[in-house]
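Chemist: Put together the whole structure using the sequences plus the hints.
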Amino acid sequence: MTTMDPTVEDALPETAVEPKGNHAPGMARVCATTGLTVDLTAEKFIKLHAVFAVVFLLLGGIAALLIAMTRWSAVHLLPADWYYRLTTFHGLNMLILWILFMEVAILYFAATALLKTRLASAGLAWAGFVLMAVGAVTLDTMILMGTSDVMMTSYAPLRAHPLFYLSIIFVAVGTLIGVINFFATVYIAKRDKTYSGSVPLVVFGAITAAIIAVVTLGHGAGIMIPTFLWSIEVLPSPDPAVYRLVWWGLGHQSQQVNVAAMVSVWYLLGAITVGAKVLNQGVSRTAFLLYILFINLASAHHLLVDPGVSAGWKIWNTSYAMYLAVLASMIHGYTVPAAVEVALRKQGHDKGLFGWLGAAPWRNPGFSGFFLSLVVFGFLGGITGVTLGTEQINIIAHNTLRIPGHFHTTVVGGTTTAFMALAYYVVPLIFRREFPMRAICRAQPYVFTLGVVILAVGMSFAGSYGVARRHWDVEFTGATHAASFDPSVHIFLGMVGIGGIIAFVGLLMFVIPTVIAVFFGKKIEGKMPAW
Amino acid sequence: MAESTPVTVHWLERLLDNTWLLLALGVLVPAISYTLWGLIELSNLPSATLP
Amino acid sequence: MAKQEKAADVIDNEGAHKGDQMHAAPGTFVLTLILLLSFAVYYFANWKALADVWQVR
Chain C
4 MTTMDPTVED ALPETAVEPK GNHAPGMARV CATTGLTVDL TAEKFIKLHA VFAVVFLLLG
64 GIAALLIAMT RWSAVHLLPA DWYYRLTTFH GLNMLILWIL FMEVAILYFA ATALLKTRLA
124 SAGLAWAGFV LMAVGAVTLD TMILMGTSDV MMTSYAPLRA HPLFYLSIIF VAVGTLIGVI
184 NFFATVYIAK RDKTYSGSVP LVVFGAITAA IIAVVTLGHG AGIMIPTFLW SIEVLPSPDP
244 AVYRLVWWGL GHQSQQVNVA AMVSVWYLLG AITVGAKVLN QGVSRTAFLL YILFINLASA
304 HHLLVDPGVS AGWKIWNTSY AMYLAVLASM IHGYTVPAAV EVALRKQGHD KGLFGWLGAA
364 PWRNPGFSGF FLSLVVFGFL GGITGVTLGT EQINIIAHNT LRIPGHFHTT VVGGTTTAFM
424 ALAYYVVPLI FRREFPMRAI CRAQPYVFTL GVVILAVGMS FAGSYGVARR HWDVEFTGAT
484 HAASFDPSVH IFLGMVGIGG IIAFVGLLMF VIPTVIAVFF GKKIEGKMPA W
Chain A
586 MAESTPVTVH WLERLLDNTW LLLALGVLVP AISYTLWGLI ELSNLPSATL P
Chain S
38 MAKQEKAADV IDNEGAHKGD QMHAAPGTFV LTLILLLSFA VYYFANWKAL ADVWQVR
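Chains as they are written, first to last, in this note's numbering: chain C, 4 to 534; chain A, 586 to 636; chain S, 38 to 94.
Take these hints with a grain of salt, some might be off.
Claimed, not checked - Computed Cβ-Cβ distance ranges for the label pairs, DEER-style: (1) S:H60 to C:L43: 15 to 25 angstroms; (2) S:V93 to C:P310: 14 to 24 angstroms; (3) S:S75 to A:L613: 43 to 53 angstroms; (4) A:E598 to C:D476: 56 to 66 angstroms; (5) S:A88 to C:K50: 53 to 63 angstroms; (6) A:L613 to C:K50: 29 to 39 angstroms; (7) C:E478 to S:L87: 26 to 36 angstroms.
No lab work stands behind these hints, which were simulated from the structure alone. Owing to the predicted nature of the structure, the values given are computational and were not obtained by experimental measurement. In this text, a Cβ means the ideal position worked out from N, Cα and C, and glycines have one as well.
Modeler: See below:
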């Protein structure tokens, strides 16, 4: 192990360096550890969004544990109504609330700190945050009250309480306001010439995420507003096929926002943890361009067995065009670790093929979380995603547990782990609080990733034997027509339960030190302590 | 006398530096390829006759 | 041995090595080959599974 850390010996105390950029006097500071200029208004909103994000992560995680304990057929914990209620709750808290709050925090950080500019509007930031927070709390309340057991997808003609749809609209509009504030901040940075040439790559990745978010939220408004009007009996029921088409423009594309944000976080953590430099700006930016143009078409995977849309539409959207976005992920999957390898070799770790990998700072959870996220996303998420997205193969996997097996490796093993890794720097650098229980923090990415991998592999194998996703009782108790699976599925469902417990422990190992650090942590005055 | 030659920026680099054009393209491509095309196909489906 | 740079310096000076920088990352290259091989095995195993359950006569 090396003693690699993000600090340099000659870092100056914060007061000695004047902030760069277009900030009003006293409204910015220079981070002693990274040298980045931090806008104090943006800092406040980064903190607010990050705290709310972690709260929803914990709520979604508690639901996850209970769901895993129900899918584990030997335990079968929850009654049917609570299984579907908490699956609705889990999906929306994890895929929408945790991720969107964290992403707005990342957008505000990338635009202000990396472009050395002030946040465009504190008023807009407040408006967006309040809408998101009110929407999120209302949404969770409506689900837990049992008024909206419609799953995350809320497929019409399933009907939830009107406030369920209205609260999702609030979250979507609030996020859109955050995205508009981000674009306005990028605009004033260019206008005020706070940077020269092209924006840094991490900002370019954040712009990519924001563009995808606009498409996502447009689809969200496009389907949730008419569905809300139907729920209060102003409009007739939406056509189920149209609902599915437009809803997946929200449901899947919101996860593409994650991909772009996660890749940006990889580049950022590469720079912070080992000083990795982007190998080729043109190549990495072109890969992001492929995301902007083509990644949103992946929503079509969800409609591969729908009868309404043609084979031409399915094949174009899930194959030819989509593979260009897969190419982009493969480019990032090479350039990010290659940049880490080049940086570590330059620092003297150039023994053999993998000497650099052995010498990497594996005790730093910011690095280990980032690299594990990269490996799990690429090897498990990428490989299963491309395979399941193939039209012909999809027919043997559609709506089985293989699908959650896939996206738990992308969204949880990939995005969530990367965002957790980022938090190991956000808390000391933005909240300026020291992490307690550092041994637990160091172990956390490994425990969490191990749990997620066991869970996802269990899901994938159970799904390969035909076990359905979102299904309360694998035994089909009391069903008119008996159905049974190969007995081995119970072993794989046991893996789902055990993996779920380990991942939940990993989640607590993240949440507890983070909450203690944010509210009671030792104040950091100069450089952050090295991990 | 040395003539100053205008620096030509590659079209791809100009595109990558133009946030607003990227935003427009990023919205238009999926809107046409996924949403509009899909909606046209669904709206042209004949109604099923009841048995 | 080069010293690790501050994040702000790495990010601010990105433009300095735009374009044609040569680099050697043989370890990563081997990792990507392992990824491609894993993908090929998984992808074709799935086609085989499809062929097993969906017989064409």
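Chemist: Against this structure, judge whether each hint is valid.
Modeler: Hints, one by one, checked against the model:
1. In this structure the supplied range 15 to 25 angstroms is violated for S:H60 paired with C:L43, their Cβ-Cβ distance being about 38 angstroms.
2. In this structure, S:V93 and C:P310 meet the distance hint of 14 to 24 angstroms, their C-beta atoms being roughly 22 angstroms apart.
3. With their beta carbons about 36 angstroms apart, S:S75 and A:L613 fall outside the hinted range of 43 to 53 angstroms.
4. Our hint of 56 to 66 angstroms for A:E598 and C:D476 holds, since their Cβ atoms are close to 57 angstroms apart.
5. The given range of 53 to 63 angstroms is respected by S:A88 and C:K50, whose C-beta atoms sit roughly 55 angstroms from each other.
6. In this structure, A:L613 and C:K50 meet the distance hint of 29 to 39 angstroms, their C-beta atoms being roughly 36 angstroms apart.
7. A C-beta distance of roughly 27 angstroms is found between C:E478 and S:L87, which places it inside the suggested range of 26 to 36 angstroms.
Violation of the numbered hints given earlier is confined to hints 1, 3; the remaining hints are satisfied by the structure.
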